[in-house]
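From first to last, the protein sequence lines stand for chains B and U.
Here the first sequence is numbered in numbering that gives the first Met the number 0, starting from 0 and rising by one per residue.
Here the second sequence is numbered in numbering that gives the first Met the number 0, starting from 0 and rising by one per residue.
Worth double-checking, as some hints may not be accurate.
Said to hold, decoys possible - Using C-beta positions, here's what the derived DEER-type ranges look like:
#, chain 1, residue 1, chain 2, residue 2, range
1, B, H241, U, K4, 39 to 47 Å
2, U, D98, B, K354, 25 to 33 Å
3, B, K297, U, L17, 32 to 40 Å
4, U, W60, B, E101, 25 to 33 Å
5, U, P45, B, H241, 32 to 40 Å
6, U, A40, B, G155, 15 to 23 Å
7, B, S36, U, E3, 27 to 35 Å
8, U, V92, B, Y186, 56 to 64 Å
9, U, T85, B, T134, 29 to 37 Å
10, B, E40, U, E7, 32 to 40 Å
11, B, L159, U, P122, 19 to 27 Å
12, B, S44, U, K8, 49 to 57 Å
These are calculated hints, taken from the structure and not from any lab test.
Glycine included, C-beta positions come from ideal geometry on N, C-alpha and C.
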Amino acid sequence: MKEIINPVAKHIEEEEYHINMGPQHPSTHGVLRLVVSLQGEIVKSLKPHCGYIHRGIEKMCEKDTYPQIIHLTDRMDYLSAHINNHAVCLLVEKALEVEVPERVKYIRTIVDELNRIASHQLWWCSFGMDLGGLTCFFYGLRDREKILDIFEQSFGSRLLHSYYTPGGLMQDIHPEFQKNVKDFIKYFRKKIRDYDRILSGNVIMQERARGVGKLSKEDAISWGVTGPSGRGSGYSCDVRKHHPYAAYDKVKFNEVLLHEGDTLARYMVRMHEMRESMNIIEQLIDNIPAGDFSAKMKAVIKLPAGEYFQRVEAARGTLAVYVISDGNKTPFRMKFRSPNFSNLSVLDHVSRGCKIADLVAIGGSLDLVIPDIDR
Amino acid sequence: MDREKLKEKIQGLVPEILPEENKDFLAVTVPAAQLRKLVLALRNEPDLSFDFLVCLTGVDWGKELGVVYHFESTQHKHMLEVKVKTADRENPVLETVCDIWRTAEFHEREVYDLLGIRFNNHPDLRKIFLDESWVGYPLRKDYVDDVNFVEL
């Protein structure tokens, strides 16, 4: 028996072989193909192959007007659609030197934070599912549904809203918006304790996440890993803190920073961030000033010739928009620096030397959204 | 470091740079031959220490092709925009920066894929989004695709 098994085992141990993870794999959360070089079950290196859903949004933008472009940004990181809209709106408003009403700033901040919570909820439930806890998936989706209901009531859609327009909002919030948001926060403050009980405090999850996929602060900066993934490595990169926009300079909140840099740290940052987002909403929801829901804008928006750069903190990191305008109603060149594109590039670095099962945990903790990578 | 000081400092390092007026932060254009000298100084000089490459954009300006870099220093919080251009549209080649900022590796592959700019010393310069058999570079202004492109 020994003689039969050993040559095979030896062969597997010594030879490096490549397997495809994806393009259709539940833990890549979309159409992403990872070609993993394995020795036994140790990951030697990893090559991501993207482009399965590349739509050429940057090229399409060159034919579209700015209000049209907002609808395309929804389709990048569809889980933080509002925040993507916000980036383009802020850029246009900065270029035209439009001062938006205070009411708009407050509503945008609240809606951004709701969007961030919804996005982190979906991350939490899929992260649990990646590690084998299917219950998490139902818990997370159940609570995310409440936010989507609020979105649907006020903005008419659940996922791709295009609610922000340059200068303001598409329409005013629903009369029951404030009440519903407050009800949700009261509800979710209780439910997030269940999240901790079911997954954060779970020994199996902690054992699988602690010390796995270590990323140092220097590496995080060099690879441009931002958002909760970067803050798990102690890299202070919160755009809301460093370059405040909308009403973020009026609220008190903490930038969640952990220094371990492993999968568990990235997990804990997101759990804390959901609580911080609720704190931000609570400070604003009762103080929304009265007024217009949009500034006066021209019917055709033409940016003055020049270059503009705007950053926002999307749910997964820094989203930067860079526009070169030649004075027309369409941009000459529009670039989206999407957070997931940079976060994906570090996956090879952090997963080298780990087991293939850990790769699923690391991928889950980086929280990649594939349409944002491919654009 | 504020804008004027930053401008003086960079002009001291590379006298050939051309500063530009920009709303948010200092923008400079550097000749392609001087790019490596400038970026190494930007990264390594202690009072500059631009350690975060926020954004790397490939641009087709019509006559020239080139790349726009947005740098930020996480320590000093200042920002800088650097442009580098090449007039050679047939075989555009620039120097890589991905040994200094690792995030540039993917971004330069994207620029190569969509604009056809090659980067010297890049470790793995392959197309990233489009198929290997794709002909032409879609983000170029003179790109024509009769099959897949719908003209409105």
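A quick look at each hint next to the structure:
1. Distance hint check for B:H241 and U:K4: the Cβ-Cβ separation is about 20 Å, which falls outside the suggested range of 39 to 47 Å.
2. Between U:D98 and B:K354 the beta carbons are some 30 Å apart, a value that agrees with the proposed interval 25 to 33 Å.
3. Here the CB-CB span from B:K297 to U:L17 is close to 33 Å, well matched to the stated 32 to 40 Å.
4. A C-beta distance of roughly 39 Å is found between U:W60 and B:E101, which places it outside the suggested range of 25 to 33 Å.
5. Take U:P45 and B:H241: their Cβ atoms lie about 21 Å apart, and the range 32 to 40 Å is violated.
6. Distance hint check for U:A40 and B:G155: the Cβ-Cβ separation is about 52 Å, which falls outside the suggested range of 15 to 23 Å.
7. In this structure, B:S36 and U:E3 break the distance hint of 27 to 35 Å, their C-beta atoms being roughly 51 Å apart.
8. The supplied range of 56 to 64 Å is met by U:V92 and B:Y186, whose beta-carbon atoms lie about 58 Å from each other.
9. For the pair U:T85 and B:T134, the beta carbons lie near 56 Å from each other, so the given range of 29 to 37 Å is not met.
10. Remark: the range hint 32 to 40 Å for B:E40 to U:E7 is contradicted by a beta-carbon distance near 56 Å.
11. A beta carbon spacing of about 37 Å between B:L159 and U:P122 contradicts the range 19 to 27 Å that was offered as a hint.
12. Checked against the hint of 49 to 57 Å, the pair B:S44 and U:K8 fails, with Cβ atoms roughly 39 Å apart.
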